[in-house]
Amino acid sequence: MSAPSVSARLSRRRRLAPTVALVGALGSAAYLIPAGHAAASVDVITSTIHGSDGKTYWATNHLVKAYEPYARVSRTAADKATANAATAGHGHEYLLVWAGDENVADTKGSDVTSLPLAVNPVKLLNVDAAKAGIAPDFLAVIDADKTSPTYGKVVNTVTVGPLVENEPHHMQYVWHKGDKVYAGGLFASTSYTFDVTDLPVVKLANETLPTDTACGSIPDAFATLPDHTAYATYMGGPVAPGPCTYSDGTTRVGNGYGGTPGALVHFDANGKVLGIFPTASTTSESYTVPATGATQPCFDLPIVVTSSCANPHGIQVRPDLHTLIASDYAEPRDIILDPVKPPDAGIFRDTVRTFDISNENHPVLRSVSHMPDGPRKEQNPGHEEPRGIMEVSVTNQHKHKGAFAESMCGGVIYYTPDITAKHPVWREVFDDTTASAKVIPQVTEGGGCDGGGWVAVDPTDHYLYHTVIGRSAGALGPDDTGSAKMIYALDVSKLVAAGTGFHCDISTISQVYDGGTAADCPKLVSVLPITDGTSGGPHWGAPDNFTRNADGSFSESKTWSRIAISDYFVARTGVDGNHKVCMVDVGKKGKLTLDTTFRDEDEGTPCVDFNRTSWPHGKDGDAKPHSELFVVAGADVR
Numbered sequence: 000m001s002a003p004s005v006s007a008r009l010s011r012r013r014r015l016a017p018t019v020a021l022v023g024a025l026g027s028a029a030y031l032i033p034a035g036h037a038a039a040s041v042d043v044i045t046s047t048i049h050g051s052d053g054k055t056y057w058a059t060n061h062l063v064k065a066y067e068p069y070a071r072v073s074r075t076a077a078d079k080a081t082a083n084a085a086t087a088g089h090g091h092e093y094l095l096v097w098a099g100d101e102n103v104a105d106t107k108g109s110d111v112t113s114l115p116l117a118v119n120p121v122k123l124l125n126v127d128a129a130k131a132g133i134a135p136d137f138l139a140v141i142d143a144d145k146t147s148p149t150y151g152k153v154v155n156t157v158t159v160g161p162l163v164e165n166e167p168h169h170m171q172y173v174w175h176k177g178d179k180v181y182a183g184g185l186f187a188s189t190s191y192t193f194d195v196t197d198l199p200v201v202k203l204a205n206e207t208l209p210t211d212t213a214c215g216s217i218p219d220a221f222a223t224l225p226d227h228t229a230y231a232t233y234m235g236g237p238v239a240p241g242p243c244t245y246s247d248g249t250t251r252v253g254n255g256y257g258g259t260p261g262a263l264v265h266f267d268a269n270g271k272v273l274g275i276f277p278t279a280s281t282t283s284e285s286y287t288v289p290a291t292g293a294t295q296p297c298f299d300l301p302i303v304v305t306s307s308c309a310n311p312h313g314i315q316v317r318p319d320l321h322t323l324i325a326s327d328y329a330e331p332r333d334i335i336l337d338p339v340k341p342p343d344a345g346i347f348r349d350t351v352r353t354f355d356i357s358n359e360n361h362p363v364l365r366s367v368s369h370m371p372d373g374p375r376k377e378q379n380p381g382h383e384e385p386r387g388i389m390e391v392s393v394t395n396q397h398k399h400k401g402a403f404a405e406s407m408c409g410g411v412i413y414y415t416p417d418i419t420a421k422h423p424v425w426r427e428v429f430d431d432t433t434a435s436a437k438v439i440p441q442v443t444e445g446g447g448c449d450g451g452g453w454v455a456v457d458p459t460d461h462y463l464y465h466t467v468i469g470r471s472a473g474a475l476g477p478d479d480t481g482s483a484k485m486i487y488a489l490d491v492s493k494l495v496a497a498g499t500g501f502h503c504d505i506s507t508i509s510q511v512y513d514g515g516t517a518a519d520c521p522k523l524v525s526v527l528p529i530t531d532g533t534s535g536g537p538h539w540g541a542p543d544n545f546t547r548n549a550d551g552s553f554s555e556s557k558t559w560s561r562i563a564i565s566d567y568f569v570a571r572t573g574v575d576g577n578h579k580v581c582m583v584d585v586g587k588k589g590k591l592t593l594d595t596t597f598r599d600e601d602e603g604t605p606c607v608d609f610n611r612t613s614w615p616h617g618k619d620g621d622a623k624p625h626s627e628l629f630v631v632a633g634a635d636v637r
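Heads up: the sequence shown runs through residues 0 to 637, numbered per numbering that gives the first Met the number 0.
For the record, the hints were derived by calculation from the structure and aren't laboratory data.
Glycine included, C-beta positions come from ideal geometry on N, C-alpha and C.
Wrong hints could be hidden among the right ones.
Stated by the list, open to error - When the alpha-carbon atoms are kept at most 30 Å apart in a straight line, the in silico DSSO-like pairs for lysine-lysine are as follows:
1. 152 - 493
2. 64 - 152
3. 587 - 145
4. 618 - 176
5. 145 - 64
6. 618 - 493
7. 176 - 437
8. 64 - 176
9. 398 - 588
10. 152 - 54
11. 588 - 618
12. 587 - 522
13. 54 - 421
14. 522 - 590
15. 376 - 54
16. 587 - 398
17. 145 - 421
18. 398 - 176
19. 271 - 398
20. 376 - 522
21. 493 - 145
22. 176 - 588
23. 618 - 437
24. 145 - 271
25. 145 - 176
26. 398 - 376
27. 398 - 152
28. 590 - 437
29. 588 - 493
30. 493 - 376
31. 590 - 145
32. 437 - 587
33. 152 - 437
34. 176 - 421
35. 398 - 493
36. 557 - 152
Said to hold, decoys possible - Computed Cβ-Cβ distance ranges for the label pairs, DEER-style:
37. 397 - 363: 38 to 48 Å
38. 397 - 177: 36 to 46 Å
39. 355 - 588: 10 to 20 Å
40. 281 - 397: 40 to 50 Å
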């Protein structure tokens, strides 16, 4: 898979002159002072905090004046200064989208490593400097109220500074009343905490710098707790190579920034770091090589004294079970350098970890489980079923203790009925090939490295939803049909109800295409193809967990009526996307349909396109939307 050329990307956009030193393969953060180029039709409200380094950090709102819920309240100087509750959403629901600025630095790692040493590693020598400038990353606030005449309109963009090139990545999976919004910057190793009490106004509550999390780098995903604190997975190793001492007093030796082992970070309700904790075992970890059956140490580059597969990505919590679960994906810096030809397939991890969080600020590693290999015999060992366990999802009902895990490069879904067990039993219960075949009946190498991403079980534990980037045709060779770019739904009710006595096990090659034969295997109930002609496809999703009350307020719902999805991964891996955010309606029995009324305000076509010339904050061109979240102003939630 290949990213769009630099010239093609730049031809679509207008840019500010560059004011910063551009970045290398991992993108060290730089500084940018706001240029004051926002449109005259917006109100600008800025909040600031002082970081642990003593510098000032900010979030600047660019509120569209004509947006009715905002326009009908007075906008005095005092209102702007305090962004108080008078500017609340008045019964509105919003979709927050964490997006990065697209620019010339979005060069895939394999291009960097293949260039002659004399050539600038981000291809800047032959690029018009006026088109290459780096603009701020931002949080887009989109009207998500279906009854609103401005449904789908970007009503505010909240630019962050002075750091740029954060590569905005994930927020928490769902938002609950009283929560802050936690958002990670992948390349800058910076986590932002936003106060959304007064939507559509957003305030910066805190910013966590790499020096605040010295034992971990590359923040990935966040999960909130009932007390509004949050855990985060930091996928990469300690900021500096060598031994690092964690908050629990233990020490692990790592191979440095973006390497191994990753960590867990616990934030307080305002985004301050309460502690950072190890995810690696105290002894060397190893795995079984699918092709040979041999056991070898986890592959780390460079080698770690105590080998480890601990690169946590997905994270979920079951506070009632005092359990946290996290999935290990990959050693991040080496995937960015060349995801197609990594030095060893084992750099894509096959492990899932559980932690005892009886003491929330002292999580203790309980289990490390290697996902089993499946019936497919792939030519590329990196496409075997367990490779790259990206995301996990827990069940929700008190009577259930199970969880699911999915592999991004393996293209399958695993299940365990009890995450509290000392040694959880995991089995493969679904292969993405079964869903892809509904779109491409003659699919070849269906699930192999198909780019599975977000996975979630609904609050009733009846349905599971999964986004898949898909492979573009020809990605693996001239005979490769590609695989479906899609979101699909499974009925998992029988599997979850079976408890520890479940029978489903995808163990024969016929089940790869046809689905499992056991009565409790997940049943495919809906597949929604997503059109994306780029190297990417739907990677992330967010469920709408709210329902409107008769008085115009909102309450959390026990069912999901829709899911927002975004088509963007990480351009520097060579997997980009069309930069659209789409709305998917969830009907009876999990039926998925595209919401064609959620339209781009410029083009009038379904889905909100982040490839555009102008934003409320100025003419900064295309942006990369990675994650999204449904949020309601605090005063409007009952």
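Verification of the hints:
Between residue 152 and residue 493 the CA atoms are separated by roughly 40 Å; this puts the pair beyond 30 Å, and the hint is violated. For the hint linking residue 64 to residue 152, the alpha-carbon distance of about 13 Å falls within 30 Å, and the restraint holds. For the proposed pair residue 587 and residue 145, the alpha carbon gap of about 19 Å is at most 30 Å, so the pair holds. The suggested pairing of residue 618 with residue 176 is violated, with an alpha-carbon distance near 34 Å, which exceeds 30 Å.
For the hint linking residue 145 to residue 64, the alpha-carbon distance of about 20 Å falls within 30 Å, and the restraint holds. About 52 Å separates the Cα atoms of residue 618 and residue 493, which puts this hinted pair outside 30 Å; it is violated. Our distance criterion of 30 Å between C-alpha atoms is broken by residue 176 and residue 437, whose separation comes to about 39 Å. With a CA separation close to 26 Å, the supplied pair residue 64 and residue 176 stays within the 30 Å bound.
Our distance criterion of 30 Å between C-alpha atoms is met by residue 398 and residue 588, whose separation comes to about 22 Å. Our distance criterion of 30 Å between C-alpha atoms is broken by residue 152 and residue 54, whose separation comes to about 34 Å. Between residue 588 and residue 618 the alpha-carbon distance is near 43 Å, which puts this suggested pair outside the 30 Å criterion. A C-alpha spacing of about 15 Å is found between residue 587 and residue 522, which places the hinted pair at or below 30 Å, so the restraint holds.
Between residue 54 and residue 421, the direct Cα distance comes to roughly 45 Å. Violation of the 30 Å bound is thereby established for this hinted pair. Between residue 522 and residue 590, the direct Cα distance comes to roughly 13 Å. Compliance with the 30 Å bound is thereby established for this hinted pair. For the proposed pair residue 376 and residue 54, the alpha carbon gap of about 54 Å is over 30 Å, so the pair is violated. The straight-line distance between the Cα atoms of residue 587 and residue 398 is roughly 24 Å, inside the 30 Å bound, and the hint therefore holds.
Restraint check for residue 145 and residue 421: not satisfied, since their Cα atoms lie roughly 46 Å apart, outside the 30 Å limit. With a C-alpha separation of about 25 Å, the suggested pairing of residue 398 with residue 176 holds against the 30 Å cut-off. Between residue 271 and residue 398 the alpha-carbon distance is near 34 Å, which puts this suggested pair outside the 30 Å criterion. Between the alpha carbons of residue 376 and residue 522 the distance comes to roughly 24 Å, so the proposed pair stays at or under 30 Å and holds.
Our distance criterion of 30 Å between C-alpha atoms is broken by residue 493 and residue 145, whose separation comes to about 34 Å. Annotation: proposed proximity of residue 176 to residue 588 holds, straight-line Cα distance about 28 Å (limit 30 Å). At roughly 41 Å between alpha-carbon atoms, residue 618 and residue 437 are farther apart than 30 Å, so this suggested pair is violated. Proposed proximity of residue 145 and residue 271 is contradicted: the alpha carbons are some 35 Å apart, above 30 Å.
For the given pair, residue 145 sits about 21 Å from residue 176 by alpha-carbon distance, which is consistent with the 30 Å threshold. About 37 Å separates the Cα atoms of residue 398 and residue 376, which puts this hinted pair outside 30 Å; it is violated. Proposed proximity of residue 398 and residue 152 is contradicted: the alpha carbons are some 41 Å apart, above 30 Å. Using a Cα cut-off of 30 Å, the hinted pair residue 590 and residue 437 holds, with the two alpha carbons roughly 14 Å apart.
Among the hinted pairs, residue 588 with residue 493 is consistent with the structure: their alpha-carbon atoms are about 14 Å apart, no more than 30 Å. Of the pairs offered as hints, the one joining residue 493 and residue 376 holds, with about 29 Å between alpha carbons and a cut-off of 30 Å not exceeded. At roughly 19 Å between alpha-carbon atoms, residue 590 and residue 145 fall within 30 Å of each other, so this suggested pair holds. Our distance criterion of 30 Å between C-alpha atoms is met by residue 437 and residue 587, whose separation comes to about 20 Å.
Restraint check: the Cα-Cα separation between residue 152 and residue 437 comes to about 33 Å, which exceeds 30 Å; the hinted pair is violated. With a CA separation close to 34 Å, the supplied pair residue 176 and residue 421 exceeds the 30 Å bound. Restraint check for residue 398 and residue 493: the C-alpha separation of about 14 Å stays at or below 30 Å, so the hint holds. In summary, the hint linking residue 557 to residue 152 is supported, as the alpha carbons are separated by about 27 Å, within the 30 Å threshold.
In this structure the supplied range 38 to 48 Å is violated for residue 397 paired with residue 363, their Cβ-Cβ distance being about 23 Å. Evaluation of the 36 to 46 Å hint for residue 397 and residue 177 yields a failure: the beta carbon distance comes to about 22 Å. Between residue 355 and residue 588 the beta carbon distance is about 37 Å. The supplied range of 10 to 20 Å is therefore violated. Range check, residue 281 to residue 397: Cβ separation about 33 Å, and the 40 to 50 Å hint is violated.
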